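Undergrad: Here are the chains, one letter per residue:
Number of protein chains: 4
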Amino acid sequence: MAVELRYDTDVSETVAATERFIADYVLPLEDEFVGDMTAAGGDDLRVEMQGKAKAAGIFAPHAPVEYGGLGYNMSDRAPVFEAGGRSLFGPIALNIGAPDEGNVHMLSHIASEGQKQQFLAPLAAGDVRSAFAMTEPAPGAGADPSALRSSATRTDGGWKINGHKWFITGADGAGFYIIMARTSGEPGSRGGATMFLAPAPDPAIEIVRHVGTIDKAGIGGHCEIRFHDLFVPDENVLGEVDEGFRYAQVRLGPARMTHVMRWLGVAVRAHEVAVDYVARREAFGTLLGDLGMIQQMVAENVIDLAASRALLVKACHELDLGHHAGDETSIAKTFAAEAYSRVLDRSIQMCGGTGVTDDLPLARLQQELRPFRIYDGPSEVHRWALAKRAVGKAKKKIHAENERAGTAR
Amino acid sequence: MAVELRYDTDVSETVAATERFIADYVLPLEDEFVGDMTAAGGDDLRVEMQGKAKAAGIFAPHAPVEYGGLGYNMSDRAPVFEAGGRSLFGPIALNIGAPDEGNVHMLSHIASEGQKQQFLAPLAAGDVRSAFAMTEPAPGAGADPSALRSSATRTDGGWKINGHKWFITGADGAGFYIIMARTSGEPGSRGGATMFLAPAPDPAIEIVRHVGTIDKAGIGGHCEIRFHDLFVPDENVLGEVDEGFRYAQVRLGPARMTHVMRWLGVAVRAHEVAVDYVARREAFGTLLGDLGMIQQMVAENVIDLAASRALLVKACHELDLGHHAGDETSIAKTFAAEAYSRVLDRSIQMCGGTGVTDDLPLARLQQELRPFRIYDGPSEVHRWALAKRAVGKAKKKIHAENERAGTAR
Amino acid sequence: MAVELRYDTDVSETVAATERFIADYVLPLEDEFVGDMTAAGGDDLRVEMQGKAKAAGIFAPHAPVEYGGLGYNMSDRAPVFEAGGRSLFGPIALNIGAPDEGNVHMLSHIASEGQKQQFLAPLAAGDVRSAFAMTEPAPGAGADPSALRSSATRTDGGWKINGHKWFITGADGAGFYIIMARTSGEPGSRGGATMFLAPAPDPAIEIVRHVGTIDKAGIGGHCEIRFHDLFVPDENVLGEVDEGFRYAQVRLGPARMTHVMRWLGVAVRAHEVAVDYVARREAFGTLLGDLGMIQQMVAENVIDLAASRALLVKACHELDLGHHAGDETSIAKTFAAEAYSRVLDRSIQMCGGTGVTDDLPLARLQQELRPFRIYDGPSEVHRWALAKRAVGKAKKKIHAENERAGTAR
Amino acid sequence: MAVELRYDTDVSETVAATERFIADYVLPLEDEFVGDMTAAGGDDLRVEMQGKAKAAGIFAPHAPVEYGGLGYNMSDRAPVFEAGGRSLFGPIALNIGAPDEGNVHMLSHIASEGQKQQFLAPLAAGDVRSAFAMTEPAPGAGADPSALRSSATRTDGGWKINGHKWFITGADGAGFYIIMARTSGEPGSRGGATMFLAPAPDPAIEIVRHVGTIDKAGIGGHCEIRFHDLFVPDENVLGEVDEGFRYAQVRLGPARMTHVMRWLGVAVRAHEVAVDYVARREAFGTLLGDLGMIQQMVAENVIDLAASRALLVKACHELDLGHHAGDETSIAKTFAAEAYSRVLDRSIQMCGGTGVTDDLPLARLQQELRPFRIYDGPSEVHRWALAKRAVGKAKKKIHAENERAGTAR
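Taken in order, these protein sequences are the chains called A, B, C and D.
End of the first sequence sits at 1840 in the numbering used here; the numbers just go up one at a time, nothing left out.
End of the second sequence sits at 1840 in the numbering used here; the numbers just go up one at a time, nothing left out.
End of the third sequence sits at 1840 in the numbering used here; the numbers just go up one at a time, nothing left out.
End of the fourth sequence sits at 1840 in the numbering used here; the numbers just go up one at a time, nothing left out.
Hints are all accurate, no fakes.
Identical copies carry no separate label here, and so any pair may be met within one copy or between two of them.
SDA-like, lysine to any residue: derived pairs with alpha carbons at most 25 Å apart: (1) 1547 / 1529; (2) 1827 / 1736; (3) 1824 / 1713; (4) 1828 / 1450; (5) 1819 / 1713; (6) 1647 / 1466; (7) 1827 / 1713; (8) 1591 / 1657; (9) 1824 / 1454; (10) 1483 / 1450; (11) 1826 / 1714; (12) 1827 / 1448; (13) 1485 / 1497; (14) 1819 / 1570; (15) 1647 / 1790; (16) 1547 / 1606; (17) 1485 / 1498.
No wet-lab data here; the hints were simulated from the structure.
These figures come from a predicted structure and were not determined experimentally.
Please work from the sequences and hints to get the whole structure.
TA: Structure below.
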């Protein structure tokens, strides 16, 4: 039999340890910041939390063992990241937050040995933070990567980068950037992007502003950035020139899934908070949790969470098999982002007036979660990609039939 | 022909004047407070805006003419309140925000001549603000009014009120309170509430805290309050003793509808912001607004807004006919609150990353709107009431059939 | 005050008489055909029912008074058609079924005096049935009218029509057809359709088959038709040559609304059947109708029905004012068609196993209703039209701003 | 690593063989019955098809090897049943239709050796059909099993059964029944049901009628049955006396999942039919499948199918581990039944007018599918069970906390 959905003992132990760590240490910390979650307490708190996570043996489960991590594959990351995701501060504590976690993943796969020493090692250890500079304000690269406008031009011994980016998560305070810039072709054409590694801060990197997003708890903000003739030496080209779009895919599929894992923790937490609430409170002479309309919301949460997790398991397994898993990751991301939104919304509704107050974490978790249906590809773009592949397959089949029938169409 | 849905000329002119007032004066003001909407700029700004609204001839359209208002009925209030509601600051400027607007409505209907002079006149004129103290923290009166615990006991020449309230909108800084307290019966029994008028501040009224809700733009907060032996003289009993629950209904139906009017303005504004955005921005070589999935969202917004407005028109007409309109107001409130939520959510989604930033007002409008599905009766309570009436009617019919058939069931 | 939603006394009396007629006479008749609704009992039963409807003074409320009808406008038709629509046989009995009702409407507006005598008079009286031959199988005119392929070419004293149609409701047994054929331009170009009146049967009109649709209860089927050199004399051109697309709009808006009226009757009936069921039956020791999840379905039905009716009232009023009402009719049709589907589905679900049996009419009503989201324009086409207008308005405004700013875009 | 979602080679081969069998042999057969699917062609066709399935080596994959099956566990059944389920006739051909498949499963687990020889052997071989007589008309056992009214009373050497059942699938023509009857306790009390094996036909078993359900393609109907003093000897008691409710659970979880498997085949087929349609047809100058609103429906189908399959895989795995899997099977059944309904509905909508005709199988598949949200427990009952467990867990935790805190609640 080949269907097997159990985790090995060491993974289960890491999950349990992470749950304890979050419940006993991180959530109480998070509570201290109710009212202002901005930057999740900042870098000092980050360093403190990461020290504790190292001591607990749960730090950086995704990082290669030789860089201090647990070397877990996607399937095994899932339950650990979910456990860590329960607190908005958890991913920072475990060093599994965006964008660092995705950058660790990508550097592990693409970076040269020297680059690994210089960039991956300190990042995996939590000694620095990082940024991934791809998204651009309109009319540049957003949901449509081929619109990329930032450019790198050849210069002596390296490249000169100019461009305008925004939504660069964690940029403020990052120790280095991975920058996506066009090295050939024109905006609108696909071919010709390259990834560059650039230590920061650097006078050629201007942090224009923190974009004022509805989610606040990320460290280092979502920044608007300008590159002014930023010089990058040849040895800091990540992978091959002009292969940037392909590498972005290497990063994006798994990064999408780790978002799904972390936000699953948030959604589960919200559900539990709400169930606990309705299991305590009465109205109309009955426990709220025994009323049919509340039960309906509870059950729909249960179903949404189970389906999200099942799709996540499937997509991770495909990625672990080395597949591109474009469909599986788009499906899991789109479904989960929407399901979590529903879960958060129902959880608030279940708690009535209390649900929209700071007395419970629900309203602020909802704010943090809202952008997930847009970040990493809006649901509409994923749906479009899924449909294109499905309809494209049908077109191909019809074309083949027509060919066989000798009828040119 | 008796179906007629046009507004008289004077109403249409008030609407147009309100639209200009909001666009030219209030929205630019609101923009100055991006980043911190708390209390909508405070009482000084309120007074300034109300002066301008008076000058524009659009102040207090709902207040009786003899108290400086326009004397509009519910049907005519609808388009004016919608126009005023486009800005979060608009209702304050026009003196049509909660809870003052509902209190003006109720005092006009129930207060004695003396009470009108003392309380209604300054409230209608914007000289003071007011509060309506009904909701209590669990296990008190929330969605279930009969759970009322605050009590008023007889004392020499009046009443002594003790109790614990929360979500008392506008309480901080209010010039007087309308307080709902139990004067007979026990929590869980329906009969026996009375409304009291109490000037504020008063040492017997303790403002425990501003409850930290997700909506920030109300003036005077949503407060937690304790009454400590608050004395209210007999002449400040509003209406009859023990008739409070009935009066609450007088207030609640119309108040529900004016919420629906004001939030309709917000939803229309959000929709227009998003449509403007997709009519400017391109992706994948096409204008966003020409893409099918975006068109679907645009159309669903259009439908949701039209249906909300149509249900509002119907409910207002029923109220103007003097009907209780329990079904009609529950239907309009429930549908609209959920429809507006969908409209806001889609509008954000249509704008992609920009939608979750402060660069557009959408994300903060969504936050302000979220509680509307809970305040003034959660959707679930309205659905329950609607179903109870529908099933109750069927039960009665079945019972009558059985009676006729001579069969005891 | 100009908002008025009451019906005049004579209309209310017609509604009440129609309700009695349906309950006492038509529904028992319908019950005799459970198991095979095909053609609603056929033309003999139609004639019999129409006789009774004439006697009851409720026949053809939409037809001009001079042709034996009640001369009601759209607003007044609404409640009568709803009452008649409760039974699948009701519209046939009242002579207000598709396509005859829409044809009466169009002929009243467009036909010449002679055409009225020859075609409208017997149709309004129920002496003949009619067909409206517009829709074509792919790649002809379907949701996209401009794809029209059937052609009429000039010949001596008239026109010769060739073409292929389907979904021609009521064609089998119709006394005449109104045929839409291209008189200029090419498929894909909008201009150049003409409407023709053609007595039937005629050897040049071939009824290829009854298309096997999921709805069965229409009289005369949904037919596939071929015209083989069908000759139509000049005097049978309806209105002006090449004005067919414009006339189609005259017919389509109101026809859409009368569909919404009739199906509202079906949806209300289904809801009442289901509420009656849950008000009688117990499970888990409780009356079904007192269970929260059932109450939720009841309430959602109530809301969906109210919103559909409110949008219908609005659209009818706009049509009665002589407006094109493209938005209002698209909104009402799209919302109602989807709302009724939800109502039917919930009603079945409320009745559990019994809901999917012939013991209740719900499952067969659902089958009859399903196509309504596709007929008269699929929801997607209406949404597209709504979005196009909304985004188009924004584009125009932006263009005007740009013009004012002196910037060519 | 313990997450593994691949099927062993023999299973994959069985799946492929089943797909070929259905495409090449069964679907063309099904097409011959368009217009009247009743009883799927009857028993003669069943025998013929089963002969072919045996020859193809795909017969009875769920039956024990010693009884001629393939002995597959739940996980391995899933893809085979899905492949077989694509045609309404497929499950009959493979002998994996309800109720026989579930009865084989239950007899394999509970029957005595002698009972296996007498009942399981011929059933597994397709020599007879069977019925499972549990559901009763109101006020008997429906969604609430404890309402069981049919009774078995002790008599010489056995039991005498009286009772009234309905929705007894396949009863007409069944070679034996498994009958659930009360052997102790009262309707409304849980304890005390027993399962009995009864050869059929038998004069004491009256088939009152075929209940006229919207789904037609089952063989042997959904029958209303009365037992009149039916004698069952002791050796035909299935398992232990008074353990019937427990055994029902043994049957119901897996039976629910095999429904999910088979209907998944139907949903996938419908989706493919619709995608093929939109990949061929143009409107408004574009291929339907390239229009955004159609792409949205395609993508939502893809997501719904993937999530249904993922939840199914999870539930089957739990069952294979020997767990009760009450949550997992309720989640998978509820989600899938609703998701398939959405898939069918969207598939019809994608095909426009053609979608509601017999020219495509969609409308009739939708009819067959509709009851699945009710049969085997309506969605509402599953949601209620899920919520009860979730809230119950929270209550228990709160109680434990209170205990620890020394506070009696």
